[in-house]
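If you read the protein sequences in the order shown, they are chains U and C.
Just so we're aligned, residue 5 is where the first sequence starts under the numbering used here, counting upward by one.
Just so we're aligned, residue 32 is where the second sequence starts under the numbering used here, counting upward by one.
Because the hints were derived from the structure by calculation, they are not lab data.
Just so you know, not all the hints are guaranteed correct.
[Stated by the list, open to error] Simulated pairs of lysine-lysine, DSBU-like, Cα-Cα distance not exceeding 35 Å:
#, chain 1, residue 1, chain 2, residue 2
1, C, Lys272, U, Lys172
2, U, Lys139, U, Lys14
3, U, Lys14, C, Lys272
4, U, Lys139, U, Lys186
5, C, Lys82, U, Lys172
6, U, Lys177, C, Lys82
7, C, Lys272, U, Lys139
8, C, Lys272, C, Lys40
9, C, Lys40, C, Lys273
10, U, Lys172, U, Lys139
11, U, Lys186, C, Lys272
12, C, Lys273, U, Lys14
13, C, Lys273, U, Lys186
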Amino acid sequence: MIEIDGLVKKFGPFTAVDGISFSVARGEVLGFLGPNGAGKSTTMKMVTGFLAPTAGHISVCGHEVGRDTLAAQRMIGYLPEGAPAYADMTPLQFLRFIADIRGLNGSAATAAIARAVDRTEIAGVMEQPIETLSKGFRRRVGLAQSILHDPPVLIMDEPTDGLDPNQKFAVRKLIAEMAPTKAIIISTHILEEVDAICSRALIIDRGRIVADGTPAALTARSRYHNAVTLTLDAGDADAARDALSAVEGVVSMEEDARGADHSFTLFATSADEADTSLVDRVGNLAREKSWNVRTLYGEPGRLDEVFRSLTRPDTEKTQGDAA
Amino acid sequence: MRETLAIFKRELAGYFATPLAFVFMIIFLFCVGGFTFYLGGHFEAGQANLKGFFQFHPWLYLFLIPAIAMRLWAEERRVGTIELLLSLPIPLWSAVLGKFLAAWAFAGISLSLTFPMWLTVAYLGDPDHGVILAGYVGSFFMAGGYLAIGSCISATTRNQVIAFVVSVVVSFLFTVSGLPIVTDFVSVWAPQAVLTTIASFSFLTHFEAIVEGVIDLRDIIYFVTLIGVWLVACGIVVDMKKAG
Chain U
5 MIEIDGLVKK
15 FGPFTAVDGI
25 SFSVARGEVL
35 GFLGPNGAGK
45 STTMKMVTGF
55 LAPTAGHISV
65 CGHEVGRDTL
75 AAQRMIGYLP
85 EGAPAYADMT
95 PLQFLRFIAD
105 IRGLNGSAAT
115 AAIARAVDRT
125 EIAGVMEQPI
135 ETLSKGFRRR
145 VGLAQSILHD
155 PPVLIMDEPT
165 DGLDPNQKFA
175 VRKLIAEMAP
185 TKAIIISTHI
195 LEEVDAICSR
205 ALIIDRGRIV
215 ADGTPAALTA
225 RSRYHNAVTL
235 TLDAGDADAA
245 RDALSAVEGV
255 VSMEEDARGA
265 DHSFTLFATS
275 ADEADTSLVD
285 RVGNLAREKS
295 WNVRTLYGEP
305 GRLDEVFRSL
315 TRPDTEKTQG
325 DAA
Chain C
32 MRETLAIFKR
42 ELAGYFATPL
52 AFVFMIIFLF
62 CVGGFTFYLG
72 GHFEAGQANL
82 KGFFQFHPWL
92 YLFLIPAIAM
102 RLWAEERRVG
112 TIELLLSLPI
122 PLWSAVLGKF
132 LAAWAFAGIS
142 LSLTFPMWLT
152 VAYLGDPDHG
162 VILAGYVGSF
172 FMAGGYLAIG
182 SCISATTRNQ
192 VIAFVVSVVV
202 SFLFTVSGLP
212 IVTDFVSVWA
222 PQAVLTTIAS
232 FSFLTHFEAI
242 VEGVIDLRDI
252 IYFVTLIGVW
262 LVACGIVVDM
272 KKAG
């Protein structure tokens, strides 16, 4: 549905997007991850035809953006960053305007607006000027605008930014409901969101793709993947330290003391191979020694750690290596 | 066409959604009235026409029209709605034209609210209604000219104050290009042909001819062409901003 090939965007001497290529199929929810200024929003702006690329090709449902921009834009629902809307209009007027532009009129427009309002739960504020609405409602008005014409392609720039946990949950649920029939790209800073709704994630840093895979595959790149974390009563910590380092297969260990709890993270010989037996061995040991175990689990990996290792600035990277 | 109409309706409603429309209209009507009676010597002239009324329109428009035009694009850019607008399936010319027509219609509404002037003259004397109608048509087209300039300049910036000031300056040059302030400066070094060309750009020259009751097709063509050229320039500016 979305094909992007060799996309480049330069602002004067600054290269914001530096040769990005990827594609998104129907049913996929692609998560764009990356630090601020990595080129996520710029890429989205080019896909939606708001910015013209310096080089590269974008095709949406077979329509080339730049040559056949209007046809491509008809296929896209777009929620720009910050969900801008005409502040002096009410959501009803605003959605009518969007419906007008999208060529929906009469009963088709009414039905489309009713459906979008229902899905985004903004029925209660339809007659209030948008400038008087809370951030959460404004965001949802923006969402309603983007899904109004039931587009096959949805592009959302930080759809849950600034929402409270309940609203975030509702938006994620909405995206999950729409996912099977659409190609969706979302950008986010919230890593848990990637796990919750994305079928695939791209990590972008300084205009380049540095990782591409399912959330599980990306998580597995973490050095914590298949590590075992055991949390004990702090009183048992000293006794446990030596016993744990002697467990078969453990090559290194990290400790973290938090109040009355003390946790050990054990790293096995090979982080890539699934070594579930390590959890069993540690569990048996704890039972043998009758330690006061709070939690024990095998780690799937930590996405935030992968994110930081792939995107941190050069200076930090060299410092980290030196240490 | 459908998109142009949608944008036209939204923009026109946008003027009335804020106090801007009413503030503008009240000030416009006050100024028009004040200028006509105090500076124009409307009564003292003792003639049943609206010359004293129309002759101040270029000077009023010079400051008031940029105030209508400045928000057209600059506001969208500042608030970020431009991203929404330009990612909707709208041909560029539709957006440019829809916005311009909305502002022009608003100026037209303001202008039409000066009708009591016409009624007064008609009540007190026996004016030539054709001449007055010509004056209104001319004034309306001239407002369009100022608006097209303001619209293009508004597209270049996200700051409405800058849009306003630059529009006033550019509009001023177009207004007075037939007066000695410009012609004296040019005549020193330029050949007569250049001088005539520059002078022919003057709003005043074209407008005064119309106010005299002579609707020359060339004057109307002048204003229509001027509007067209500035709107094309506006479209080019908006498109260039896309390239970053």
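Verification of the hints:
no.	hint	in the structure
1	Lys272(C) to Lys172(U)	holds, 34 Å
2	Lys139(U) to Lys14(U)	holds, 32 Å
3	Lys14(U) to Lys272(C)	holds, 13 Å
4	Lys139(U) to Lys186(U)	holds, 26 Å
5	Lys82(C) to Lys172(U)	violated, 65 Å
6	Lys177(U) to Lys82(C)	violated, 68 Å
7	Lys272(C) to Lys139(U)	holds, 29 Å
8	Lys272(C) to Lys40(C)	holds, 25 Å
9	Lys40(C) to Lys273(C)	holds, 25 Å
10	Lys172(U) to Lys139(U)	holds, 12 Å
11	Lys186(U) to Lys272(C)	holds, 31 Å
12	Lys273(C) to Lys14(U)	holds, 12 Å
13	Lys273(C) to Lys186(U)	holds, 27 Å
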